[in-house]
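Combine the two chains into a complex, taking the hints into account.
Quick note, the sequences are listed as chains A and B, same order. Quick note on numbering: the working numbering labels position 326 of the first sequence as 326, and the sequence is numbered without any gaps. Quick note on numbering: the working numbering labels position 9 of the second sequence as 9, and the sequence is numbered without any gaps.
Honestly, the hints are just simulated from the structure, not real lab data. We put the CB at the ideal spot given by N, CA and C, even for glycine. Treat the hints with care, since some could be wrong.
Said to hold, decoys possible - Residues of chain A clear of chain B, computed beta-carbon distances all greater than 12 Å:
id: 1; residue: T57
id: 2; residue: N74
id: 3; residue: T77
id: 4; residue: H84
id: 5; residue: T95
id: 6; residue: L96
id: 7; residue: L109
id: 8; residue: Y118
id: 9; residue: Q144
id: 10; residue: E180
id: 11; residue: I186
id: 12; residue: P291
To be verified - Taking lysine-lysine pairs in the DSS-like style, the calculated list, with each CA pair at most 27 Å apart, reads:
id: 13; chain 1: A; residue 1: K203; chain 2: A; residue 2: K150
id: 14; chain 1: B; residue 1: K139; chain 2: A; residue 2: K296
id: 15; chain 1: A; residue 1: K184; chain 2: A; residue 2: K158
id: 16; chain 1: A; residue 1: K158; chain 2: A; residue 2: K304
id: 17; chain 1: A; residue 1: K160; chain 2: A; residue 2: K184
id: 18; chain 1: A; residue 1: K184; chain 2: A; residue 2: K150
id: 19; chain 1: B; residue 1: K153; chain 2: A; residue 2: K296
id: 20; chain 1: A; residue 1: K184; chain 2: A; residue 2: K245
id: 21; chain 1: B; residue 1: K98; chain 2: A; residue 2: K383
id: 22; chain 1: A; residue 1: K184; chain 2: A; residue 2: K159
id: 23; chain 1: A; residue 1: K55; chain 2: A; residue 2: K133
id: 24; chain 1: B; residue 1: K192; chain 2: A; residue 2: K384
id: 25; chain 1: A; residue 1: K304; chain 2: A; residue 2: K245
id: 26; chain 1: A; residue 1: K150; chain 2: A; residue 2: K245
id: 27; chain 1: A; residue 1: K383; chain 2: B; residue 2: K192
id: 28; chain 1: B; residue 1: K192; chain 2: A; residue 2: K385
id: 29; chain 1: B; residue 1: K139; chain 2: B; residue 2: K153
id: 30; chain 1: A; residue 1: K159; chain 2: A; residue 2: K203
id: 31; chain 1: A; residue 1: K150; chain 2: A; residue 2: K246
id: 32; chain 1: A; residue 1: K160; chain 2: A; residue 2: K246
id: 33; chain 1: A; residue 1: K246; chain 2: A; residue 2: K159
id: 34; chain 1: B; residue 1: K98; chain 2: A; residue 2: K385
id: 35; chain 1: A; residue 1: K384; chain 2: B; residue 2: K98
id: 36; chain 1: A; residue 1: K160; chain 2: A; residue 2: K203
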Amino acid sequence: MNFNNKIAGICLVFLITSIIGIASADLTQAQAPITGKVFVSSTTFDPAVFFTGDKGTVTYEVMNSNTNTSVMLNHGTFSDADLHLLSGTYDYSNTLGPLQTRPFTFSILADVPPGDYYPTFSLSFFDSNLYHKTMVQVDNTPLQLTVVDKPDAFTIGKKKTIYMQVANPRDNEVDNAILEVSGKGITASPSRTFIGTVASGAKIPVNFSVTPDQETTLSLLLTYNNGNNPHEVHMDIPLNFGTDKKQAYLVMSNVEVIPEGGMYRVTGDIYNAGLETANTVTVTSLSPAVPQDPYKISVARTLKADDQGSFEIAFETDGSTSIPIQLSFRDADGNVYNIVQNVTVPATSLSLPKDNGPPLVPIIAGLVIVAVFVGGWFIYLRKKKN
Amino acid sequence: MVRSLLNILISPGAFFADLKGEREESFTWPLVIVLLGGIAAAGYGYLFGEVSGQMMAGALPGIGALVTIFAALGALIGVFIFWLIWTVIVFALSMAFKGQGSFKRTLQVIGYGYLPQIIGSVITVIVAFEYVPRIVVPKVTTAMMQDPVAMQKITATLMHDPAMIEMTQITSIIAIVFLLWSAHIWIFGLQKARGLSPRDAALCVGIPVIAYILFMIYNLGVS
Numbered sequence: 001m002n003f004n005n006k007i008a009g010i011c012l013v014f015l016i017t018s019i020i021g022i023a024s025a026d027l028t029q030a031q032a033p034i035t036g037k038v039f040v041s042s043t044t045f046d047p048a049v050f051f052t053g054d055k056g057t058v059t060y061e062v063m064n065s066n067t068n069t070s071v072m073l074n075h076g077t078f079s080d081a082d083l084h085l086l087s088g089t090y091d092y093s094n095t096l097g098p099l100q101t102r103p104f105t106f107s108i109l110a111d112v113p114p115g116d117y118y119p120t121f122s123l124s125f126f127d128s129n130l131y132h133k134t135m136v137q138v139d140n141t142p143l144q145l146t147v148v149d150k151p152d153a154f155t156i157g158k159k160k161t162i163y164m165q166v167a168n169p170r171d172n173e174v175d176n177a178i179l180e181v182s183g184k185g186i187t188a189s190p191s192r193t194f195i196g197t198v199a200s201g202a203k204i205p206v207n208f209s210v211t212p213d214q215e216t217t218l219s220l221l222l223t224y225n226n227g228n229n230p231h232e233v234h235m236d237i238p239l240n241f242g243t244d245k246k247q248a249y250l251v252m253s254n255v256e257v258i259p260e261g262g263m264y265r266v267t268g269d270i271y272n273a274g275l276e277t278a279n280t281v282t283v284t285s286l287s288p289a290v291p292q293d294p295y296k297i298s299v300a301r302t303l304k305a306d307d308q309g310s311f312e313i314a315f316e317t318d319g320s321t322s323i324p325i326q327l328s329f330r331d332a333d334g335n336v337y338n339i340v341q342n343v344t345v346p347a348t349s350l351s352l353p354k355d356n357g358p359p360l361v362p363i364i365a366g367l368v369i370v371a372v373f374v375g376g377w378f379i380y381l382r383k384k385k386n
Numbered sequence: 001m002v003r004s005l006l007n008i009l010i011s012p013g014a015f016f017a018d019l020k021g022e023r024e025e026s027f028t029w030p031l032v033i034v035l036l037g038g039i040a041a042a043g044y045g046y047l048f049g050e051v052s053g054q055m056m057a058g059a060l061p062g063i064g065a066l067v068t069i070f071a072a073l074g075a076l077i078g079v080f081i082f083w084l085i086w087t088v089i090v091f092a093l094s095m096a097f098k099g100q101g102s103f104k105r106t107l108q109v110i111g112y113g114y115l116p117q118i119i120g121s122v123i124t125v126i127v128a129f130e131y132v133p134r135i136v137v138p139k140v141t142t143a144m145m146q147d148p149v150a151m152q153k154i155t156a157t158l159m160h161d162p163a164m165i166e167m168t169q170i171t172s173i174i175a176i177v178f179l180l181w182s183a184h185i186w187i188f189g190l191q192k193a194r195g196l197s198p199r200d201a202a203l204c205v206g207i208p209v210i211a212y213i214l215f216m217i218y219n220l221g222v223s
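With the rest of the complex left out, here is chain B (with noise of 0.2 Å):
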């Protein structure tokens, strides 16, 4: 299985041409792939909230592990939201042409899709292992938790730390680079799942991705 499953990243049409019976209707290793991309984004969550909870430290203080925890968790379960989100907007998507299969089936190709993420996610985790620590992380005092212009104030310092933002850039080409490659995945998924044409299949996913990926580079010209 292991094997197959390295085929969906190089040879996704031939992996799910060979999904039959069983493992046609098996969410087994879908839950797995976005686990496991889950807790590569917790790792990445964990170092970001750390950041966070230095920055609070100094008005809340002991709150700093708690941040740490929930930004950990809520990347874990984030990812679970997206997989879910993103098979609704997919699914609807399919729909406009004339899809045939149940969502269930799209979930599980949007799942078996979101094995490159895991990849993408070690790799967002290592660079923020590197750049994390050389972060200037400005301290947020008890006088400035009643000033959100402050706050406002001290977040923009936060995001404009140069570490901060070379980090952002390449964590956000490592992210255009791997939601691409699960694209690709999920146009030869959905073929499948919805009965498409490969141009209508392109389309569905096409869309969607490629908004989102604008939407990340425009926020990287605006941040």
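Chain A extracted, bound-state conformation (with noise of 0.2 Å):
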């Protein structure tokens, strides 16, 4: 009996070891290709391309390609040996339909160097695991300031305009944008500039204005964000004083004054001999003389570089011979620059005579004369008496 018994007990264990087998073996046959459906479908990193020490996103999209089969859905990890996951694991287990996707994301902290990298995504299933690597970059190219244009010189109190360009050589967008001019003892307009957006390769033109009351340098921010992640670029530019060497310069020719009335009437030519436009250009004349109507002031229109026009002003003086000339202009962005040159008036005073007193040489001179003469006489008068 006992041994019987122990027969017996080795059976039913043989018996219910190749039950359980046969339904093992059973099982794992019908759900291989099922799982095997299961993928992900999209990997998305935010920002795209990572700065080192930003902070940022990754997601997974996992999608269930079965058409009447649901999967479950297990222990979503992210890993890494260089990036660093800031949020925790998918500990919890959830059933994903047919054809449906759902998302797993992780935020990640990208303090490396520069580089590609190839973090780990797994998911357990019940009975096996996926396995997906994708590569994330690491870039600290950042984005590029550059002059495009600038005067060769600046003015004191004249507004002058610079032409920037902002440029993304990076191979991800970056956001927010922002350009900020400042500078001791400048007025910038505007100072803040919001560019917004600047997409990968892509060239944006800023330009601003400055009037500067002295010498100084002009200091540039540009700051943008990569992802959440706020980035800056600085560049400073000097703001030195002199001669703009493009401005319109403009120079009086032909000019011929004719007394007429009491005043001078003058009139001439004016030439742009600058490279740039000179707009409303105006000439009238400066003290001791006295601009009198009707050509007070006289209005040549906007000359252009190598333009000719004409002016014709008129004027009172003192009797001073040197009479100075003001020729002004505006240049395009409204500033106003003042030429000086003397002209020439005959001498003579066509206002009422200084009274210098009475010519005494030619009176005495006549007195004189008169005095020999009687003189004369009145002794030859006296000898033929005698």
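Okay, here's the thing in structure tokens:
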């Protein structure tokens, strides 16, 4: 009996084992085609390219491409030897229905040198695991801030325009780009320019004008966001005073001075010998001359480079022979420039003459001649009488 | 005759003492002398007329030539008028000294005495040639023609031009010198023409001449 019981026990064990083995073998063969159709459909890094030290997210989209079978998902993890995971893993179980997609998002910190990294996403099914590697870049190339054009020299109190360009040499776009202009003793307009999103490889022009009150250094600060990470680029531009070699330069020629009606009328030509356009050119006389109607001020038209205009002004003087004539014009920004040239008027006073007293020399000469004549005749008559 | 005419300049007493017969009554040479003086004066008038013409040309286009011609003719005729007026004055003054000669003889003598004025006028024209181009001539506008004050002002402006002032002073001195030279001749001529003593003749000629010269000097002072 005892022997029989042992035999019976052994047979029961084999029987149970066989039943379980058969059952297990049947289940594995049935589930494998199902989990094989679950895969990572897309991976998204935000930002797409990290700077060293940037924080960001990576999102894996897991899709169940089975048309009529659900799968059980469990334990989604992100792992990499260099990139640091800031958020936790997905430890709960969840069912992903047929043709459904589920995102798995992880926060990461790219405190690594520039380069390419291949972090791994893994997901467990009840019978197997899913592993997915994707490349992510860490690149420290900043936005490029370039001076496209600026005046050769600045003048105190004169507004000048500086033409800049913001370029993005990175492989991803950046957001919220803002250019700020500052400096001691300057007025910038606009002092802050919102540029917005700068796509990869894009070039965006940015212009601003500066009115300096002193020689100084212009400070430019370009800030932008890579994902949610702020970054900045700084640039200094020295503002030195001097003569703008391109600016309009007016020259008078063919000047004719005509005394007329107690005043002088001056006509002539004006040439723009500069390289830029002179707008609203006006001509008038300065002290000691007193401008007179109807030609107190002569307004010439806008003179482009190498253009010629004419003017006609009238003035009275106090007898001065050198009269300053002021040529004024505006540049494209409205800055006023003055050029003063002297014209020589004839040595005569067309206003009331100065009272310098009678001319003594000719009067004395006349009287002496008369005296000699009278005296001569007086002596002659006396001699004749005697 | 030319030789004796030159005698007028250096020895007028001898010249008038030699005037006898037909020559004593002839007006040919006095007329020639005054005419030549008039032509020389017309030259000066022409130059000065150009200045006036330039001044007026802005208001009245084309008037420049007219003004110039009238100025030249005026100077020419003015010399003859001056000859006549001067004779009248001297003749009238000589009447106070009981002068006996005719008016015609006095006119003839004054005409001879005009000879130095020709030289003076020629020198004046030469001076004017030098100075007139340097004068800055103000222009009269049409509006100014209606305004006497403006016309007065612009005339003053012209007269106060430095070149004009200098020319006026020089020509005045020239005029004084040659007028006195003429006066010297007139004194000798008047003695003969009106039968006056040298003293009376000197007074008859000297009073108006000195008065005229003092007037010229006064004008120099106030201009």
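For each hint, the structure was consulted:
Chain B leaves A/T57 outside its interface by the beta-carbon criterion, the shortest separation being 87 Å against a cut-off of 12 Å. With a least CB separation of 108 Å from chain B, A/N74 remains clear of the 12 Å interface cut-off, as annotated. For A/T77, the shortest C-beta to C-beta distance to chain B comes to about 102 Å, beyond the 12 Å cut-off, and the non-interface label holds. With a closest Cβ-Cβ approach of about 93 Å to chain B, A/H84 is found to remain outside the 12 Å limit, as its non-interface label requires.
Listed as outside the interface, A/T95 is consistent with that label: its C-beta sits roughly 106 Å from the nearest C-beta of chain B, beyond the 12 Å cut-off. Listed as a non-interface residue, A/L96 keeps its Cβ farther than 12 Å from every Cβ of chain B; the least gap is roughly 103 Å. Against chain B, the non-interface label of A/L109 holds: every CB pair exceeds 12 Å, the least being about 89 Å. The beta carbon of A/Y118 is kept farther than 12 Å from every beta carbon of chain B, the shortest such distance being approximately 95 Å.
No Cβ of chain B comes within 12 Å of the Cβ of A/Q144; the nearest lies about 67 Å off, and the non-interface call holds. The claim that A/E180 is not at the interface with chain B holds, since no C-beta of that chain comes within 12 Å of its own (minimum 62 Å). Non-interface call for A/I186 relative to chain B: holds, since the shortest CB-CB distance, roughly 52 Å, exceeds 12 Å. The Cβ of A/P291 lies farther than 12 Å from every Cβ of chain B, with a closest approach of about 17 Å, so its non-interface assignment holds.
Only pairs whose Cα atoms come within 27 Å are accepted, and A/K203 paired with A/K150 is accepted, the gap being roughly 18 Å. Proposed proximity of B/K139 and A/K296 is supported: the alpha carbons are some 18 Å apart, at most 27 Å. Pair hint A/K184 plus A/K158 holds up; C-alpha atoms about 16 Å apart against a cutoff of 27 Å. Proposed proximity of A/K158 and A/K304 is supported: the alpha carbons are some 20 Å apart, at most 27 Å.
At roughly 16 Å between alpha-carbon atoms, A/K160 and A/K184 fall within 27 Å of each other, so this suggested pair holds. Restraint check for A/K184 and A/K150: the C-alpha separation of about 19 Å stays at or below 27 Å, so the hint holds. A hinted pair counts as satisfied when its Cα atoms are at most 27 Å apart, and B/K153 with A/K296 qualifies at roughly 21 Å. Proposed proximity of A/K184 and A/K245 is supported: the alpha carbons are some 25 Å apart, at most 27 Å.
Between B/K98 and A/K383 the alpha-carbon distance is near 24 Å, which keeps this suggested pair within the 27 Å criterion. Pair hint A/K184 plus A/K159 holds up; C-alpha atoms about 15 Å apart against a cutoff of 27 Å. This hinted pair checks out: A/K55 and A/K133 have alpha carbons roughly 19 Å apart, not beyond 27 Å. Proposed proximity of B/K192 and A/K384 is supported: the alpha carbons are some 16 Å apart, at most 27 Å.
Between the alpha carbons of A/K304 and A/K245 the distance comes to roughly 15 Å, so the proposed pair stays at or under 27 Å and holds. A hinted pair counts as satisfied when its Cα atoms are at most 27 Å apart, and A/K150 with A/K245 qualifies at roughly 12 Å. For the hint pairing A/K383 with B/K192, the CA-to-CA distance comes to about 20 Å; that is within 27 Å, so the pair holds. Proximity of B/K192 to A/K385 is assessed by CA-CA distance (about 18 Å); at most 27 Å being required, the pair is judged to hold.
Among the hinted pairs, B/K139 with B/K153 is consistent with the structure: their alpha-carbon atoms are about 12 Å apart, no more than 27 Å. Pair hint A/K159 plus A/K203 holds up; C-alpha atoms about 26 Å apart against a cutoff of 27 Å. Between A/K150 and A/K246 the CA atoms are separated by roughly 11 Å; this keeps the pair inside 27 Å, and the hint holds. A threshold of 27 Å between alpha carbons decides the hint, and for A/K160 with A/K246 the separation of about 12 Å falls inside it, so the pair holds.
Simply put, A/K246 and A/K159 have alpha-carbon atoms about 15 Å apart, close enough for the 27 Å limit, and the pair holds. At roughly 20 Å between alpha-carbon atoms, B/K98 and A/K385 fall within 27 Å of each other, so this suggested pair holds. Among the hinted pairs, A/K384 with B/K98 is consistent with the structure: their alpha-carbon atoms are about 21 Å apart, no more than 27 Å. Of the pairs offered as hints, the one joining A/K160 and A/K203 holds, with about 23 Å between alpha carbons and a cut-off of 27 Å not exceeded.
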